[in-house]
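*Asks:* The chain contents come next:
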Amino acid sequence: KAGVTQTPRYLIKTRGQQVTLSCSPISGHRSVSWYQQTPGQGLQFLFEYFSETQRNKGNFPGRFSGRQFSNSRSEMNVSTLELGDSALYLCASTEDGNYGYTFGSGTRLTVV
Amino acid sequence: GENVEQHPSTLSVQEGDSAVIKCTYSDSASNYFPWYKQELGKGPQLIIDIRSNVGEKKDQRIAVTLNKTAKHFSLHITETQPEDSAVYFCAARGAWDTNAGKSTFGDGTTLTVKP
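Protein chains in written order, with the working numbering: chain A, 4 to 115; chain B, 53 to 167.
One should not assume that every hint holds.
[Said to hold, decoys possible] Among the chain B residues that face chain A by a calculated CB cut under 8 Å, a handful are:
(1) G95
(2) Q97
(3) L98
(4) D101
(5) R113
(6) F141
(7) A152
(8) D159
[Unchecked claim] Derived SDA-like pairs: lysine to any residue, alpha-carbon spacing no greater than 20 Å straight-line:
(9) A:K16 - A:S82
(10) B:K110 - A:Y102
(11) B:K94 - A:G45
(12) B:K109 - B:N119
(13) B:K89 - A:L91
(14) B:K110 - A:G103
(15) B:K94 - A:S82
(16) B:K89 - A:G6
(17) B:K89 - A:T97
(18) B:K94 - A:T41
(19) B:K94 - A:S25
(20) B:K74 - A:Q44
(21) B:K89 - A:G43
(22) B:K166 - B:S64
(23) B:K94 - A:R12
(24) B:K94 - A:A5
(25) B:K94 - A:R111
(26) B:K109 - A:S82
(27) B:K89 - A:G45
(28) B:K89 - B:T130
(29) B:K94 - A:G103
(30) B:K94 - A:T97
(31) B:K123 - A:Y102
(32) B:K74 - B:Q97
(33) B:K120 - B:E57
(34) B:K110 - A:T56
(35) B:K89 - A:S25
(36) B:K74 - A:G45
(37) B:K74 - B:N105
(38) B:K110 - B:K94
(39) B:K89 - A:T8
(40) B:K89 - A:G103
Calculated directly from the structure, the hints in this document are not laboratory data.
All C-beta atoms in this analysis are idealised placements derived from N, C-alpha and C, irrespective of residue type, glycine included.
For reference, chain A alone in the conformation it holds in the complex (with noise of 0.2 Å):
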């Protein structure tokens, strides 16, 4: 069984940029919940999509959106990239929303 897949695994930008990360879910899994991972603040949640649909959102300035199609597979988008933004991006796919996740290896931004 495929695990969660997210590209791509490094990226570096220039701050004003914008970026799009892609996520794609085990099989059958209609949830898919996305994390920063920063040294200093630890994981935080962006948001989370089931069925296509927005069901929960972090703390995150509107510069951080995402969507969901229809076989599951997840993007986010960073528009407007600051130095700060730089972190790993973790996605992490479950059927429902609910116990427990299995994430993909994360995608490494750095903003310079």
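Chain A is fixed; fit chain B onto it per the hints.
*Replies:* Just chain B now, kept in the frame of chain A:
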């Protein structure tokens, strides 16, 4: 919202010894408590979990205990091995109706097992 505190931040043990990591949570409505292990360059991996109607759960060398009254839960690893070296995160999931797909994580514990 939910707040999860995790201690200690670093833990070093000798191979074969036991390791204990403790977490406290603030939301009494939380009802699901998973533990994750994160190795370098990888995403966190679920290693054990416990639901609020259970006091203890064991899986080979790993066990988790939950005290709902005190709002704390702990991870116990016995007979530690060098491959147990990693960062461990506890998490808490709040009430189902307002926390769909969301967990609050502790800050992590870096466990080092010395051969």
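*Asks:* Each hint: holds or not?
*Replies:* Hint check results:
Satisfaction of the interface hint for G95 (chain B) is found here, the shortest Cβ-Cβ separation to chain A being roughly 3 Å, below the 8 Å cut-off. Taken as an interface hint, Q97 (chain B) checks out: its beta carbon lies about 7 Å from the nearest beta carbon of chain A, inside 8 Å. The criterion of a C-beta within 8 Å of any C-beta in chain A is met by L98 (chain B), whose closest approach is roughly 4 Å, and the hint holds. At a threshold of 8 Å, the smallest CB-CB gap from D101 (chain B) to chain A is about 5 Å, leaving the interface hint in force.
This hint is violated: R113 (chain B) has a C-beta 19 Å from the nearest C-beta of chain A, more than the 8 Å allowed. Interface restraint check: F141 (chain B) against chain A, minimum CB-CB distance 7 Å, threshold 8 Å, status holds. For the restraint placing A152 (chain B) at the interface with chain A, the shortest Cβ-Cβ distance is roughly 4 Å, inside the 8 Å limit, so the hint holds. For the restraint placing D159 (chain B) at the interface with chain A, the shortest Cβ-Cβ distance is roughly 5 Å, inside the 8 Å limit, so the hint holds.
For the suggested pair K16 (chain A) and S82 (chain A), the alpha carbons sit about 11 Å apart, so the restraint of at most 20 Å is met. Between K110 (chain B) and Y102 (chain A) the alpha-carbon distance is near 17 Å, which keeps this suggested pair within the 20 Å criterion. Taken as a hint, the K94 (chain B) and G45 (chain A) pair is honoured in the structure, with Cα atoms around 15 Å apart against an allowance of 20 Å. A hinted pair counts as satisfied when its Cα atoms are at most 20 Å apart, and K109 (chain B) with N119 (chain B) qualifies at roughly 12 Å.
For the hint pairing K89 (chain B) with L91 (chain A), the CA-to-CA distance comes to about 16 Å; that is within 20 Å, so the pair holds. Taking the CA atoms of K110 (chain B) and G103 (chain A), the gap is about 16 Å. The hint holds against a cut of 20 Å. A distance of roughly 26 Å separates the Cα atoms of K94 (chain B) and S82 (chain A); the hinted pair therefore is violated under the 20 Å criterion. For the hint linking K89 (chain B) to G6 (chain A), the alpha-carbon distance of about 16 Å falls within 20 Å, and the restraint holds.
With a C-alpha separation of about 17 Å, the suggested pair K89 (chain B) and T97 (chain A) falls inside the 20 Å cut-off, and the hint holds. Straight-line distance between C-alpha atoms of K94 (chain B) and T41 (chain A) comes to about 14 Å, which keeps the hinted pair within the 20 Å bound. Among the hinted pairs, K94 (chain B) with S25 (chain A) is consistent with the structure: their alpha-carbon atoms are about 16 Å apart, no more than 20 Å. As the CA atoms of K74 (chain B) and Q44 (chain A) are separated by approximately 19 Å, the hinted pair is consistent with the 20 Å bound.
A C-alpha spacing of about 18 Å is found between K89 (chain B) and G43 (chain A), which places the hinted pair at or below 20 Å, so the restraint holds. At most 20 Å may separate the alpha-carbon atoms for a hinted pair to count; K166 (chain B) and S64 (chain B) meet this at roughly 7 Å. With a CA separation close to 11 Å, the supplied pair K94 (chain B) and R12 (chain A) stays within the 20 Å bound. Between the alpha carbons of K94 (chain B) and A5 (chain A) the distance comes to roughly 15 Å, so the proposed pair stays at or under 20 Å and holds.
Proximity of K94 (chain B) to R111 (chain A) is assessed by CA-CA distance (about 11 Å); at most 20 Å being required, the pair is judged to hold. For the proposed pair K109 (chain B) and S82 (chain A), the alpha carbon gap of about 44 Å is over 20 Å, so the pair is violated. Between K89 (chain B) and G45 (chain A) the alpha-carbon distance is near 14 Å, which keeps this suggested pair within the 20 Å criterion. Distance hint between K89 (chain B) and T130 (chain B) is fulfilled; the C-alpha atoms sit about 15 Å from each other, no more than 20 Å.
The suggested pairing of K94 (chain B) with G103 (chain A) holds, with an alpha-carbon distance near 17 Å, which does not exceed 20 Å. Proposed proximity of K94 (chain B) and T97 (chain A) is supported: the alpha carbons are some 18 Å apart, at most 20 Å. For the hint linking K123 (chain B) to Y102 (chain A), the alpha-carbon distance of about 19 Å falls within 20 Å, and the restraint holds. For a cut-off of 20 Å, the pair hint linking K74 (chain B) to Q97 (chain B) stands: about 18 Å separates their Cα positions.
A C-alpha spacing of about 15 Å is found between K120 (chain B) and E57 (chain B), which places the hinted pair at or below 20 Å, so the restraint holds. As the CA atoms of K110 (chain B) and T56 (chain A) are separated by approximately 36 Å, the hinted pair breaks the 20 Å bound. Between the alpha carbons of K89 (chain B) and S25 (chain A) the distance comes to roughly 23 Å, so the proposed pair goes past 20 Å and is violated. At most 20 Å may separate the alpha-carbon atoms for a hinted pair to count; K74 (chain B) and G45 (chain A) meet this at roughly 17 Å.
A threshold of 20 Å between alpha carbons decides the hint, and for K74 (chain B) with N105 (chain B) the separation of about 19 Å falls inside it, so the pair holds. Taking the CA atoms of K110 (chain B) and K94 (chain B), the gap is about 25 Å. The hint is violated against a cut of 20 Å. Straight-line distance between C-alpha atoms of K89 (chain B) and T8 (chain A) comes to about 18 Å, which keeps the hinted pair within the 20 Å bound. Between K89 (chain B) and G103 (chain A) the CA atoms are separated by roughly 12 Å; this keeps the pair inside 20 Å, and the hint holds.
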